[in-house]
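Trainee: Work out the full structure, taking the sequences as your base and the hints as a guide.
As given, the protein sequences belong to chains A and B, one line each in that order.
The first sequence begins at 216 in the numbering used here and counts up by one.
The second sequence begins at 216 in the numbering used here and counts up by one.
Treat the hints with caution; some may be incorrect.
Heads up, the list lumps identical chains together, so a pair's fine if it works in one copy or across two of them.
[To be verified] Subject to a maximum C-alpha distance of 27 Å in a straight line, what follows is the list of computed DSSO-like cross-link-like pairs (lysine-lysine): (1) K295 <-> K473; (2) K366 <-> K252; (3) K334 <-> K305; (4) K605 <-> K366; (5) K708 <-> K406; (6) K230 <-> K252; (7) K295 <-> K230; (8) K473 <-> K661.
The set of hints was computed from the structure by calculation and includes no laboratory data.
Protein chains: 2
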Amino acid sequence: MTTEEAIERLYALQKKLSAYSHAMGLLNYDGVTTAPKGTAANRGETMGVLSEELYRLTTGPDTVELLEFLAGQRESLGQKDRRIVYLMLKDIRRMQAIPMEEYIAYQMLLVEADDVWHKAKEQNDWPAFRPYLERIFDTARRFAGYCNPEKDPYDYWLNEFEEGIDQKSCDSFFSALRERIIPLLRRVLEKPQLSDSAVLGSFPAADQERFSLELMELIGLDLDHVGLSVTEHPFTTSLGSHLDERITTHYHEDNFTKSMFSVIHEGGHALYDTGSAPELARTVLDCGVSMGIHESQSRFFENFLGRSRAFCSYILPVARRYFPEQLAQATPEALYRAVNRAQPGPVRIEADELTYPLHIMIRYELEKQVMSGALAVAELPEAWNRLYKKYLGVDVPDDRHGVLQDSHWAGGLIGYFPSYALGSAYGAQYLRRMRESVDVDGCLAKGDFGPIDAWLRERIWRFGCLYTPGELFRNAVGEDFDPNVFTDYLEQKYTELYGL
Amino acid sequence: MTTEEAIERLYALQKKLSAYSHAMGLLNYDGVTTAPKGTAANRGETMGVLSEELYRLTTGPDTVELLEFLAGQRESLGQKDRRIVYLMLKDIRRMQAIPMEEYIAYQMLLVEADDVWHKAKEQNDWPAFRPYLERIFDTARRFAGYCNPEKDPYDYWLNEFEEGIDQKSCDSFFSALRERIIPLLRRVLEKPQLSDSAVLGSFPAADQERFSLELMELIGLDLDHVGLSVTEHPFTTSLGSHLDERITTHYHEDNFTKSMFSVIHEGGHALYDTGSAPELARTVLDCGVSMGIHESQSRFFENFLGRSRAFCSYILPVARRYFPEQLAQATPEALYRAVNRAQPGPVRIEADELTYPLHIMIRYELEKQVMSGALAVAELPEAWNRLYKKYLGVDVPDDRHGVLQDSHWAGGLIGYFPSYALGSAYGAQYLRRMRESVDVDGCLAKGDFGPIDAWLRERIWRFGCLYTPGELFRNAVGEDFDPNVFTDYLEQKYTELYGL
Numbered sequence: 216m217t218t219e220e221a222i223e224r225l226y227a228l229q230k231k232l233s234a235y236s237h238a239m240g241l242l243n244y245d246g247v248t249t250a251p252k253g254t255a256a257n258r259g260e261t262m263g264v265l266s267e268e269l270y271r272l273t274t275g276p277d278t279v280e281l282l283e284f285l286a287g288q289r290e291s292l293g294q295k296d297r298r299i300v301y302l303m304l305k306d307i308r309r310m311q312a313i314p315m316e317e318y319i320a321y322q323m324l325l326v327e328a329d330d331v332w333h334k335a336k337e338q339n340d341w342p343a344f345r346p347y348l349e350r351i352f353d354t355a356r357r358f359a360g361y362c363n364p365e366k367d368p369y370d371y372w373l374n375e376f377e378e379g380i381d382q383k384s385c386d387s388f389f390s391a392l393r394e395r396i397i398p399l400l401r402r403v404l405e406k407p408q409l410s411d412s413a414v415l416g417s418f419p420a421a422d423q424e425r426f427s428l429e430l431m432e433l434i435g436l437d438l439d440h441v442g443l444s445v446t447e448h449p450f451t452t453s454l455g456s457h458l459d460e461r462i463t464t465h466y467h468e469d470n471f472t473k474s475m476f477s478v479i480h481e482g483g484h485a486l487y488d489t490g491s492a493p494e495l496a497r498t499v500l501d502c503g504v505s506m507g508i509h510e511s512q513s514r515f516f517e518n519f520l521g522r523s524r525a526f527c528s529y530i531l532p533v534a535r536r537y538f539p540e541q542l543a544q545a546t547p548e549a550l551y552r553a554v555n556r557a558q559p560g561p562v563r564i565e566a567d568e569l570t571y572p573l574h575i576m577i578r579y580e581l582e583k584q585v586m587s588g589a590l591a592v593a594e595l596p597e598a599w600n601r602l603y604k605k606y607l608g609v610d611v612p613d614d615r616h617g618v619l620q621d622s623h624w625a626g627g628l629i630g631y632f633p634s635y636a637l638g639s640a641y642g643a644q645y646l647r648r649m650r651e652s653v654d655v656d657g658c659l660a661k662g663d664f665g666p667i668d669a670w671l672r673e674r675i676w677r678f679g680c681l682y683t684p685g686e687l688f689r690n691a692v693g694e695d696f697d698p699n700v701f702t703d704y705l706e707q708k709y710t711e712l713y714g715l
Numbered sequence: 216m217t218t219e220e221a222i223e224r225l226y227a228l229q230k231k232l233s234a235y236s237h238a239m240g241l242l243n244y245d246g247v248t249t250a251p252k253g254t255a256a257n258r259g260e261t262m263g264v265l266s267e268e269l270y271r272l273t274t275g276p277d278t279v280e281l282l283e284f285l286a287g288q289r290e291s292l293g294q295k296d297r298r299i300v301y302l303m304l305k306d307i308r309r310m311q312a313i314p315m316e317e318y319i320a321y322q323m324l325l326v327e328a329d330d331v332w333h334k335a336k337e338q339n340d341w342p343a344f345r346p347y348l349e350r351i352f353d354t355a356r357r358f359a360g361y362c363n364p365e366k367d368p369y370d371y372w373l374n375e376f377e378e379g380i381d382q383k384s385c386d387s388f389f390s391a392l393r394e395r396i397i398p399l400l401r402r403v404l405e406k407p408q409l410s411d412s413a414v415l416g417s418f419p420a421a422d423q424e425r426f427s428l429e430l431m432e433l434i435g436l437d438l439d440h441v442g443l444s445v446t447e448h449p450f451t452t453s454l455g456s457h458l459d460e461r462i463t464t465h466y467h468e469d470n471f472t473k474s475m476f477s478v479i480h481e482g483g484h485a486l487y488d489t490g491s492a493p494e495l496a497r498t499v500l501d502c503g504v505s506m507g508i509h510e511s512q513s514r515f516f517e518n519f520l521g522r523s524r525a526f527c528s529y530i531l532p533v534a535r536r537y538f539p540e541q542l543a544q545a546t547p548e549a550l551y552r553a554v555n556r557a558q559p560g561p562v563r564i565e566a567d568e569l570t571y572p573l574h575i576m577i578r579y580e581l582e583k584q585v586m587s588g589a590l591a592v593a594e595l596p597e598a599w600n601r602l603y604k605k606y607l608g609v610d611v612p613d614d615r616h617g618v619l620q621d622s623h624w625a626g627g628l629i630g631y632f633p634s635y636a637l638g639s640a641y642g643a644q645y646l647r648r649m650r651e652s653v654d655v656d657g658c659l660a661k662g663d664f665g666p667i668d669a670w671l672r673e674r675i676w677r678f679g680c681l682y683t684p685g686e687l688f689r690n691a692v693g694e695d696f697d698p699n700v701f702t703d704y705l706e707q708k709y710t711e712l713y714g715l
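Mentor: Below, the structure is given as structure tokens:
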């Protein structure tokens with residue numbers, strides 16, 4: 216096999232992988248958007264066949280041989296091919312390190328755990344979920360040991376979800392947030408609460424849907440390649456390549472801004488995905504490089520842009536075309552204040568821009584302690600509630616609104632949460648750097664996302680997975696990550712908003 | 216390999232085939248319901264990979280060897296397994312008879328032809344489509360010769376779409392229709408036209424959708440396993456097995472009965488599919504046995520049941536719950552008359568119950584002549600228009616509403632049309648036989664489809680592809696097919712309706 220032939224086979228293999236992930240992605244998407252509710256088992260049968268084939272294609276002997284051959288030719292490969300081989304081999308090495316029967320048992324545990332978690336949340340039944348979570352944390356520790364015995368298990372998982380981070384960097388990140396956000400929040404809460412009456416009313420879903428499509432075009436999405444559907448929990452997915460992207464939202468008829476910010480948030484994810492360079496299509500590089508960078512795009516659009524005064528002034532008259540009576544009295548300033556209320560509560564997904572990072576910090580601290588053995592899973596609810604009281608001043612009413620609220624742990628995603636907060640924080644540095652060449656507020660005030668999107672496309676979107684998150688970030692902003700830029704931004708915004 | 220092992224492999228293979236056809240069916244379904252409009256090429260890439268794999272699974276050497284081994288053990292197989300082996304080998308034999316390069320060239324021709332046909336129809340441009348249709352008819356003749364050199368080519372294709380029929384049986388079928396329907400239609404047209412004003416008005420799509428869901432449940436569909444979407448052209452599809460079925464409709468806001476009958480028609484297809492015995496799931500027997508039998512279910516629900524006086528009396532008050540003002544003045548009798556107007560027109564898919572078979576007959580006569588060489592493709596438009604004048608008294612305004620109206624020929628479906636008329640005719644014998652044990656009108660008048668569905672499930676639905684269409688039909692009604700039962704039904708219905 217010549218290197219050239221091997222490269223050809225590598226791309227043919229990636230085309231196959233894309234096709235299978237397209238089919239499986241669509242099956243999932245159909246399941247949460249359109250499929251009749253009794254069809255999950257039937258879909259599961261098909262998923263079983265396709266995932267077996269995908270597994271064979273990803274880790275089969277032909278694939279391993281091909282990738283090892285190419286890894287041996289490393290020096291003669293271009294950067295793109297080198298990265299493809301590295302990423303594909305990394306997955307294989309992980310699969311090889313974990314004994315097959317343990318891997319399969321874990322997949323089955325997760326399917327069961329997700330089901331148990333759903334019911335436990337519904338019925339506020341922590342004891343039902345606890346044994347599953349114990350086994351999940353145990354497995355996370357054990358698997359980390361198989362994959363990288365020298366590394367601390369929690370460090371292993373943090374780095375899996377956001378290449379380059381560990382407990383040391385997370386500790387320093389969260390302590391920087393804690394030191395600034397907690398006192399800031401305390402001062403905010405001493406002031407009278409902002410009113411959100413400007414955004415309340417009765418907003419029919421059909422009108423919100425038409426408004427959503429205009430919003431999507433406004434922020435720069437190409438509706439020929441990005442679709443909108445309705446689901447219980449909003450999400451974004453690519454199907455086959457970045458040429459077919461789907462976002463979803465959920466309409467709350469009493470408040471049009473909830474879906475508006477969902478659409479802008481998911482739209483940020485979709486801009487990142489669809490902004491991938493055309494030549495990355497049908498390769499393993501055709502996706503966001505990490506959860507943190509992905510979230511940095513969605514939260515940048517949602518918060519730094521969407522919850523800005525300039526954008527509020529532009530979007531109100533647009534929204535009024537869809538809701539003329541409901542918004543007859545609203546002013547841009549009232550809208551701006553309504554969508555920036557800082558209000559500590561027990562539920563992460565309902566949190567505002569200021570308190571959100573504290574929700575993440577609590578999860579990080581708890582994961583860290585459970586992974587190290589300092590805290591038992593059985594002690595989690597009490598520890599959870601204690602930290603909510605300590606950092607947010609919130610009394611958690613029950614486990615449904617506490618330790619059982621998120622699906623992540625039930626899905627085995629230990630070490631995943633910090634990327635949410637990192638994503639929020641990255642955005643502050645994009646904004647500071649972007650302002651050097653783009654009149655961001657001027658653009659937002661006239662609803663012109665062109666220069667903003669161009670800046671992000673040039674520095675972030677087009678690269679897909681070509682660089683590590685750290686490389687990509689530093690290339691984009693020309694400096695190291697510094698959480699103080701984010702806390703400065705928050706302090707300035709909330710000081711002005713609340714007249715501190 | 217023991218027979219037992221071979222059977223096990225046969226079922227594992229069918230599970231794989233179901234998974235691929237699920238994925239490919241869902242990709243198609245997504246394409247016409249939800250996908251953004253610029254995503255076809257991306258979907259095509261995925262379809263290419265999956266269809267190559269499906270082709271390999273269906274016709275690869277392992278599969279051929281397995282099926283030939285089992286065919287050799289024919290006598291020791293149960294009826295179900297024998298039928299599975301027979302149907303799977305039949306497809307393989309056809310594939311083997313056609314030279315691969317000609318088969319691939321034909322598939323590519325069809326993709327192009329479909330595209331050309333769409334544009335030609337839009338632009339009323341017959342000359343653009345003509346050369347494609349010439350090549351399609353040529354190929355149909357040539358392929359029939361490869362597959363069965365002793366058989367007349369058109370007989371070959373008729374039998375492919377509806378096992379057991381040929382030109383001789385079709386000639387006698389259509390002549391029976393012609394001799395009764397044409398004079399009946401002439402008498403109808405001498406009478407004053409029925410009014411359809413009772414069903415006209417303004418019917419919002421959202422209300423029609425809620426009405427559609429009630430209709431689906433009413434006729435006996437299980438909404439946990441049957442979904443409803445909107446498309447340009449209504450259709451029905453099974454995904455993976457009969458446990459996930461989708462129907463689509465198209466809402467005309469000026470007339471609620473158009474979508475109502477679409478839903479009942481597609482619902483009939485879906486009842487047949489989902490009525491398959493549980494143990495047929497994930498086998499090649501898990502679908503309707505032929506187009507004719509499938510259409511006999513959909514048209515039975517749409518016309519024999521849905522356009523009956525008894526059903527109109529039941530459904531009007533139901534519809535009025537969704538459209539109280541629009542239907543305030545309507546009476547059951549006015550509804551019955553409105554949905555049974557016989558009105559010759561140039562377009563098949565808008566035809567009523569009485570004239571519909573004549574549209575099919577025209578296509579049959581033309582296909583027969585082109586296949587035999589008696590008529591050149593170039594002469595089709597003129598011949599088409601002449602037959603519309605002769606049988607329906609209709610002047611075809613242009614080729615868009617004439618020879619270019621249907622997609623079937625562009626898709627290579629030569630010999631497919633007769634099954635539509637056969638499907639209509641089969642229903643009359645179901646109804647006559649069903650009345651012996653079920654009070655059909657009594658059931659319809661109270662909206663109770665239970666006994667009707669039970670009759671059909673017991674005699675037709677549960678068998679999937681286990682029997683040939685002819686066996687299935689005779690088992691169900693206990694007699695041979697007789698088109699006079701259908702023409703008697705039409706004569707009685709229209710004589711009464713129009714007071715002939």
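Trainee: Give a verdict on every hint.
Mentor: Cross-check of the supplied hints:
Taking the shortest Cα distances, K295 and K473 never come within 27 Å of each other, neither inside one copy (40 Å) nor across copies (55 Å). Within a single copy, K366 and K252 get their C-alpha atoms no closer than 44 Å, and across copies no closer than 48 Å, so neither meets the 27 Å cut-off. For the homomeric pair K334 and K305, neither the shortest alpha-carbon distance inside one copy (35 Å) nor that between copies (49 Å) is at most 27 Å. With identical chains, the CA atoms of K605 and K366 are never at most 27 Å apart, being 31 Å at best within one copy and 86 Å at best between copies.
Proximity of K708 and K406 under a CA criterion of 27 Å is satisfied intra-copy only: 15 Å inside one chain copy versus 79 Å between copies. For the identical chains of this complex, K230 and K252 are inter-copy neighbours only, at 22 Å across copies versus 32 Å inside a copy, given an alpha-carbon limit of 27 Å. Proximity of K295 and K230 under a CA criterion of 27 Å is satisfied intra-copy only: 16 Å inside one chain copy versus 38 Å between copies. In the homo-oligomer, the alpha carbons of K473 and K661 lie at most 27 Å apart inside one protomer (22 Å), although the nearest pairing across protomers, at 45 Å, exceeds that limit.
Violation of the numbered hints given earlier is confined to hints 1, 2, 3, 4; the remaining hints are satisfied by the structure.
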